[in-house]
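Student: Listed below, chain by chain, are the residues.
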Amino acid sequence: MTHKQLELQANEIREDIIKMLVEAGSGHSAGPLGLADIFTALYFEVMEHRPKQPEWPGRDRLVLSNGHTVPVRYATMARAGYFPVSELKTLRKFGSRLQGHPERVRLPGLETTSGPLGSGLSQAAGMALALRMDGSRGRVYCITGDGELDEGNIWEGAMFAAAKKLTNLTVIVDRNNIQIDGPTERVMPLGDVAQKFAAFGWHVIEIDGHNMDAIISACNLAKAIVERPTVIIAHTIPGKGVDYMQYDYHWHGYFANVPGAPPAADQARIALHELRTLGGQIRSEHE
Amino acid sequence: MIDPQQHLAPDLLSPEVKQEANRMGFGRGLLEAAHKDKDIVALCADLTISTKMDDFAKSYPERFVEVGIAEQNLVTVAAGMALAGKTPFVSSYAAFSPGRNWEQIRTTICLNQTNVKIVGSHAGVSVGPDGATHQMLEDIALMRVLPNMTVVVPADAVEAAKATIVLASHKGPAYLRLAREKSPVITTDKSPFSLSKAQVLRAGTDLTIVACGALVYQALVAAEALSKQGIEAEVINAAVVKPLDTITIVASAKKTGAVLTAEEAQVAGGLGGAVAETLADHHPVPMSRIGLLDHFGESGTPAELMEHFGLTAPHITAKAQELIKRK
Ligand SMILES: Cc1ncc(C[n+]2csc(CCOP(=O)(O)OP(=O)(O)O)c2C)c(N)n1
Ligand SMILES: [Mg+2]
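Chain order of the listed sequences is A and B. The opening position of the first sequence corresponds to residue 1 in this note's numbering, with each subsequent residue numbered one higher. The opening position of the second sequence corresponds to residue 288 in this note's numbering, with each subsequent residue numbered one higher.
No lab work stands behind these hints, which were simulated from the structure alone. Keep in mind the model is a prediction, meaning the values are calculated, not measured. Keep in mind that a hint or two might mislead.
Unchecked claim - Straight-line Cα separation of at most 30 angstroms, DSSO-like style, residue types lysine-lysine; simulated pairs:
| id | chain 1 | residue 1 | chain 2 | residue 2 |
| --- | --- | --- | --- | --- |
| 1 | B | Lys484 | B | Lys614 |
| 2 | B | Lys305 | A | Lys93 |
| 3 | B | Lys614 | A | Lys89 |
| 4 | B | Lys529 | B | Lys458 |
| 5 | B | Lys458 | B | Lys541 |
| 6 | A | Lys19 | A | Lys52 |
| 7 | A | Lys93 | B | Lys469 |
| 8 | B | Lys606 | A | Lys93 |
| 9 | A | Lys52 | A | Lys196 |
| 10 | B | Lys469 | A | Lys19 |
| 11 | B | Lys614 | B | Lys529 |
| 12 | A | Lys223 | A | Lys164 |
With these hints in hand, go ahead and build the complete structure from the sequences.
Tutor: Below, the structure written as structure tokens:
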């Protein structure tokens, strides 16, 4: 696919996400929408995988540490051919393989179960270590949220992955500057995420997480890094693609880390509510 | 008949009974306790609104501590604050606290005897569409096995408020289990609540139903249905799962000769486990236990899941009928 085609694919996935969430009546919206470009790049360009053979031993693996964003994974997997697109409408329903948070044992291709934040990076590191022991060329990708970086388990895994020189591990941080109680820099300031990972011994790349070229070249560059795991800090817009969130630059501004200019708490709250309910169409999971 | 001394809601069995999530009661109780005691502080891990610490945070911003998404940090910072004289309430979803940070709770709160109150919200399958990862079912068992820990599972929002206020002045570790969904409000401000006593809500002679949380309401509805069939069930609200009121439960078992437990949690190690242990020690009788039987939850609507896992009044009624045949 050309990068233009990939962008169109990402938009189709965004539409799927919105439809799925409206049909489900609840669920997280901001994170999944913001990750659509990255998921499209991974499944349609970067990763070696076989949708009809999800357990193919030679595959690259994707660990979704921030499990609440799983609608983007389900939509991308369906579009990539893992299961029928029509199944997306069963999201979060009784009996569905598409559980509210991803359950490995229910749907082939999920690699692991997540939802409780903070435990994906270490699992990805474990997979990378085991693949290296077996001489596999498969790579491991792990996606985490930025609020999720508050969890100590992330940094235990970060230290481990660098110590074991897991060059076959690429972590992508969804740097959208929000978490549930508000902007990350108000809730628990992360400060310079790049410097933090660098200090832990990682190769760090920062990109615009909506720029297809940048996503793909960062992932390719990571394959060439020796001695160190790579973290790609992807700056994304929460709710990317949804009109009432995007048309106004303030939407991003509310959550951006502008030193000395934190968003007004009330504005942020209203904005987050709009985003999480898709403008009143679904029930927010966190109110 | 329902004991008038319990001052239960008069419209308890009507379809119009008021519904409220018990986490709302916690939010009110915390605020009320905080007005009276300046040493009460509240800590949360990025779930302030949904665990209902928001009113406290607004009223007492200088006593509210946001720790970010870090549940191990949450309880250990709280233990430190307790060691320095504060009475911390810490909240998250039960799956993460006490789900994730159990050893920290064991050592720094229970063994250490620090005055920390752990509030686990969104417990049980009634969390609904979020699915198994978020439906905490093992928390009663996890907390109950810890020496020095008090475990409270309020039956409704009014009792949750009362329990919060009582726990605020009780010295020592405590766990308060809350639910996300609305459930019928069956108690009133006048209803008794004590950390050392289970409440006999309805007297009966044919079997005893010991329940906690939202299942207390279901047990009362079941008792009404059983009564129409000539079976008189005694219904006990065991909101305080630990220390379990052995005296009340054993006395009831002696009277009725059969005990059924009901909870929205794993029966292994849960209220069912606690009652079975007590009866095995003091007065074994035929028993049956309603709750999760070594299963995880899954996505679905709260009503679908309560039905699927047999946590409704008709299921309690059916189990009761089976049980009395074994007397
Ligand atoms: C261990 C744990 N604690 C709390 C939660 C509840 N929770 C779900 S999403 C979320 C915020 C995550 O922030 P971030 O990683 O930045 O993801 P985003 O909201 O940007 O998608 C929280 C606190 C959780 N899922 N797991
Ligand atoms: Mg975020």
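Student: Run every hint past the structure and note whether it holds.
Tutor: Results of checking the hints against the structure:
Our distance criterion of 30 angstroms between C-alpha atoms is met by B:Lys484 and B:Lys614, whose separation comes to about 27 angstroms. Between B:Lys305 and A:Lys93 the CA atoms are separated by roughly 27 angstroms; this keeps the pair inside 30 angstroms, and the hint holds. With a C-alpha separation of about 49 angstroms, the suggested pair B:Lys614 and A:Lys89 falls outside the 30 angstroms cut-off, and the hint is violated. Between the alpha carbons of B:Lys529 and B:Lys458 the distance comes to roughly 15 angstroms, so the proposed pair stays at or under 30 angstroms and holds.
Of the pairs offered as hints, the one joining B:Lys458 and B:Lys541 is violated, with about 33 angstroms between alpha carbons and a cut-off of 30 angstroms exceeded. As the CA atoms of A:Lys19 and A:Lys52 are separated by approximately 25 angstroms, the hinted pair is consistent with the 30 angstroms bound. For the given pair, A:Lys93 sits about 20 angstroms from B:Lys469 by alpha-carbon distance, which is consistent with the 30 angstroms threshold. Pair hint B:Lys606 plus A:Lys93 holds up; C-alpha atoms about 28 angstroms apart against a cutoff of 30 angstroms.
Distance check on the hinted pair: A:Lys52 and A:Lys196 sit about 39 angstroms apart at the alpha-carbon level, beyond 30 angstroms; violated. Pair hint B:Lys469 plus A:Lys19 holds up; C-alpha atoms about 27 angstroms apart against a cutoff of 30 angstroms. Restraint check for B:Lys614 and B:Lys529: the C-alpha separation of about 28 angstroms stays at or below 30 angstroms, so the hint holds. With a C-alpha separation of about 16 angstroms, the suggested pairing of A:Lys223 with A:Lys164 holds against the 30 angstroms cut-off.
In this structure, the earlier hints numbered 3, 5 and 9 are contradicted, and the remaining ones agree with it.
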